[in-house]
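J.: For reference, the chains in residue letters:
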Amino acid sequence: MANHCAPLDIPLVAGNKTPADVTRDICHSLEGKPTPLWWGGFLVAVSLLVLGLAAVSYEIATGIGTWGVNRTVGWAVGITCFVFWVGIGHAGTLISAILFLLRQRWRTAVNRSAEAMTIFAVMCAGIFPVIHLGRPWMAYWLFPYPNTRGPLWVNFRSPLVWDAFAIGTYFTISLVFWYVGLIPDLATVRDRLHGGFRHKLASVLSLGWTGSFRTWHRYESLYLMLAGLATPLVLSVHTIVSWDFATGVIPGWHATIFPPYFVAGAIFSGVAMVLTLVLVARKTMRLEDYITGRHIDVMCKLLLLTSGIVAIAYATEFFTALYSTNPYEEFAFLNRAFGPFGWTYGIMVSCNVMVPQLLWFRRVRRNLWVVFGISILINVGMWFERFVIILTSLHHDFLPSSWTSYRPTPIELCMLLGSFGLFFTLFLLFCRLLPVVAMAEVKGVLHVGREKEAAPSSAAQRPGVEDWELVGAGLPDGGAV
Amino acid sequence: MSRRVVIGTFAEEGDLLAFTRAARSRGLRLVDAYTPYPVHGLDDAMGLRPSRLPWLCFFAAITGAALKLLFEFWTTMVDWPLNVGGKPWNSLPAFVPVTFEVMVLSAGLTTVFAFLVLARLWPGKTPVRRLPRVTDDRFVVVLEESDARFRFTELRALFEQYGAELVEEQLEDTA
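If you read the protein sequences in the order shown, they are chains A and B.
Each residue of the first sequence is one higher than the one before, counting from 3 in this note's numbering.
Each residue of the second sequence is one higher than the one before, counting from 83 in this note's numbering.
What the hints contain is simulated information worked out from the structure, not anything from laboratory work.
Incorrect hints may appear among the rest.
[Claimed, not checked] Pairwise CB distance ranges, derived in the manner of DEER restraints:
#1 G129(B) / L307(A): 27 to 33 Å
#2 R85(B) / W41(A): 49 to 55 Å
#3 Y142(A) / E250(B): 40 to 46 Å
#4 D23(A) / P136(B): 34 to 40 Å
#5 N149(A) / Q252(B): 58 to 64 Å
#6 G129(B) / T150(A): 56 to 62 Å
#7 P136(B) / V206(A): 37 to 43 Å
#8 A148(B) / R409(A): 48 to 54 Å
#9 P412(A) / A148(B): 46 to 52 Å
#10 A339(A) / L164(B): 39 to 45 Å
#11 H196(A) / E250(B): 38 to 44 Å
#12 A148(B) / W41(A): 50 to 56 Å
#13 A148(B) / L431(A): 39 to 45 Å
All values derive from a computational prediction rather than experimental measurement.
Ideal placement from N, C-alpha and C gives every residue a C-beta, glycine not left out.
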C-alpha cells in the first residue's frame, strides 16, 4: 500500500499474528454473547439517552424558555455541546485521512473505531443547533430549496448557513469514508459467519465483494481520493464553526486566531476521546496485541503537541487583548479569567494546558491508568473551553445595563447527559455489530517491523524458479489486462 | 459461453507476486487475482493501468463548485436580490465556504458511485466466483485457458513451483 512509511523498529502488531489470527481475533467479539460489562455499559448509556430524549421532548413541547438562556446570554450549554461534539469528531478524520496521507501505518489498528467515533459525535453535534432553533420542524429552512415564499433563498453570506453545509458535508463524507473502509471487512464477516443477523447484515452491505484485485486496485485509488477530500474538509469544518463566533463583533469572539485555534482544540479533544474509548475497548475486547502500548504512546504525543498549540492560542488571545488597548477587548479577557466565571477559566487552563504536561514523561505515557485519567480530564477541560468562550464573552457585553448571569437548568444538563447517552449507545452497538479493527488494513501491515526471517517466504529462493523466468523472457506480453 | 479457468491458491503474498510476474511474462492470460488485502506491487505485476477515478474526482469537484457558485450568484443577485446589512450583491469571499463544501460533497459522492458502478458492486449482490478463504488469509490467481496449446499439467507444475497449495481446473459461465 505504501512504500514511504515512517521507520519502525518494533512490530505494529504484537504476538507474531498471521492473517488468519487477525480474522479470528477481531471477529471473535462479534460471535459470542455480550459480556456483563457490555450489558452494564449499554444499560447506563440507554438510560442516559432516554433521559436526554425526555428533556428534549419537554423542551420542544414547551419552548426555549425551559433553558437558562436569556436576552444577553443567548447561547450557552446547547451551543457548547455542539462545538464540543463537532470537535470530538475531528480526531477520527485526522486518524483516518490525514495520517493515511502522511503514511503513518500505526493508524490501521485504531482508524475504524476513530471513524465510528467521528460519525456518532457529529450526530450528537447536529442535534443541538436543531433543538436550538426553537422550532426544529422548520430545520429544512436552513437549506436552499424552491419555496412558496418568493422563493426567498437562504443568505449565503451567513456563517450559520455555512455551518449547515459544513456539518452536512462532513457527516456525509465521513459516513461514506467509513463505509468504504468497511466493505472488505464486511465480506470477511459474511464468509466467516453462517446465518444470524450479522451474517445477513454483512451479506447485504458487503456489496458482493470478492477480494478481486482489479477491484482492490480501484478501491485503493478511491480511498486515496476520499482521504484527500476529507483532509481539507475536516480543517474547513471547525474553521467554519469558529466563524460562527469570529464574524460576530462580540469582544472575545471577534478574533482572527479563531480558525487555527479551534482546529487544534478540536483535534486535541478528539484524540483525548479516542484514547478514552480505545483504552476501554482494548481491555474489554482483548485487543492488546493490535492496539499496543506504542499506539497509546503516539496518541499521547499528539495530545502533547495539540495541547501546546492550544496553550499558545490562549496566551496569544490574552496578549492581543491587553496589547490592543481596546477597553472592551481588555475587559472581556480580564473578566474571562478573573470575573464571576473565572473558575471555568481555571478548569480550562488546568485541564488543557497543565495536566497534559505530565505526558512529557515516558513513565506517565506507559501507565495506562494515568493516561486514561488524563484523557478524561482533557475531555472535561475542552468542554469548559467552549463554555468559557461562549458564556464569558456574552454575559458581560458592551452595555453594563444588560449584564446578566447564567445558570444552566436541569433540562440543559439532561440534554448534555443525553448526548453522551446517544454517543455511547451507538458506540457500544457498533462494537457488537461491526469489526472494530480494520482487518484488511491490519493484515497488510503485519510484516512491518518484524525480523526479516519472519517475513513471508520469497519465491525467488525456491529452486527452479529462475528457469521459468528465462523461459518466459522471450515471449510476448499478451493478454494480461 | 463458457470457458475453462485454472485457479491456484497461495498461502504467502510473496509467492503470489512472483507467480504473477512469471505467468505474465510467459504470456498466460490472467483473469484476476484475489487477495485479503491490497498486495503492494501486484498492480505492476498484473500490468494494471492506473485507475482513472482521480480524473473523475477532479472533474466532479470542478463541476460541483462551479454550479454552486453560479447558484449562489443567481439567488443573491438575480432571482431575489435582498439587501443584507448593505453588503454588496457580489459577495464572493462570503460565497467561498459553501462552494468549498459542495465541491467536496460532489467530488466524494461521484467518485464513490463511479467506483461502485465500475467494480459492479451493489447492496445484496451475490458474490461472483466466491472464494471464502480469500477474505481471510489466502491469495488466489485465476488464469484463463486461452488456446489449444494450453496444458493443465504444465501449468500445475508452474503453480506448484511457486508454492501453490491447491490448483484446480474449473469450467465457468461467462454470460
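J.: So, for every hint listed, does it hold in this structure?
T.: Quick rundown of the hints versus the structure:
no. : hint                          : in the structure
1   : G129(B) / L307(A): 27 to 33 Å : violated, 43 Å
2   : R85(B) / W41(A): 49 to 55 Å   : holds, 53 Å
3   : Y142(A) / E250(B): 40 to 46 Å : violated, 57 Å
4   : D23(A) / P136(B): 34 to 40 Å  : holds, 35 Å
5   : N149(A) / Q252(B): 58 to 64 Å : holds, 60 Å
6   : G129(B) / T150(A): 56 to 62 Å : holds, 59 Å
7   : P136(B) / V206(A): 37 to 43 Å : violated, 29 Å
8   : A148(B) / R409(A): 48 to 54 Å : holds, 50 Å
9   : P412(A) / A148(B): 46 to 52 Å : holds, 50 Å
10  : A339(A) / L164(B): 39 to 45 Å : holds, 41 Å
11  : H196(A) / E250(B): 38 to 44 Å : violated, 23 Å
12  : A148(B) / W41(A): 50 to 56 Å  : holds, 53 Å
13  : A148(B) / L431(A): 39 to 45 Å : holds, 41 Å
Going down the numbered hints, you'll see the structure goes against 1, 3, 7 and 11, while the others check out.
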